[in-house]
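So in full-length UniProt numbering the end of the sequence shown lands on 222, straight run, no missing numbers.
Mixed in with the good hints there might be a few duds.
[What the hints assert, rightly or not] Listed next, the in silico BS3-like pairs over lysine-lysine satisfying Cα-Cα at most 27 Å (straight line):
1) Lys53 x Lys30
2) Lys30 x Lys109
3) Lys166 x Lys95
4) Lys95 x Lys159
5) Lys159 x Lys174
6) Lys57 x Lys20
7) Lys53 x Lys154
8) Lys119 x Lys215
9) Lys109 x Lys159
10) Lys210 x Lys53
11) Lys77 x Lys57
Keep in mind the hints are simulated off the structure, nothing from the lab.
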Amino acid sequence: MISAILTDIEGTTSSISFVKDVLFPYSRRKLRDFLRDHTQDREVQAILEELFKKVGKRLSIEETAELLTQWIDEDRKEPILKDLQGLIWEEGYRKGELIGHIYQDAYQKLKEWHQKGIKLYVFSSGSVKAQRLLFSHTPYGDITYLFSGYFDAKIGSKKSSESYLKIAKAVSLKPEQMLFLSDVEEELNAAKSAGMHTVRLVRDGEAFSKHTIVKDFYSIAI
1 MISAILTDIE GTTSSISFVK DVLFPYSRRK LRDFLRDHTQ DREVQAILEE
51 LFKKVGKRLS IEETAELLTQ WIDEDRKEPI LKDLQGLIWE EGYRKGELIG
101 HIYQDAYQKL KEWHQKGIKL YVFSSGSVKA QRLLFSHTPY GDITYLFSGY
151 FDAKIGSKKS SESYLKIAKA VSLKPEQMLF LSDVEEELNA AKSAGMHTVR
201 LVRDGEAFSK HTIVKDFYSI AI
């Protein structure tokens, strides 16, 4: 019996191209100016202190922007970067320069599961702030009410079974009571190893998988 669904975002509920071609370039383009304009903000200062601790020295704004731009280009799953990107995207959403993407099938099925009393959770490499921002600025309005909790890289790697065990414990469920949705085979393997049920989203083309494959959320049987 599935009591809860844990879902990935990129390539699962939302388009990969939205993240790769809209969000990442936006944060890259705005990074330097954002740092200059918000250096005195408490949240930004806390992130920068973590960065300086990690690299072992204090950096100028230019050096910081250069390093973080490199991390964006390398697609680093670094919490420090994800936290700062979340702040940049927050400003973008607030200004109306960004609108979160979610597939219609994902929205409709998530809403249906929510109405049936199935708990919904998110696990993404993007920060919890970024996750909430995306789901609060969709073409369907603010849909954060659908979710009971959010998890990011701070709980662990999406390719480590330990992360899924921690999530199950955090939501007071056994792994076998949870279904994990993702488009990435290695993540699904890790969730399966932890004891979760799994479904792989393959929205375009074909793929070999050890897991049940579906093309959209409409095809997911609970």
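### Task
Kindly indicate which numbered hints from before are broken by the structure, ordering the numbers from low to high.
Numbers 2, 3, 4, 6, 10, in rising order.
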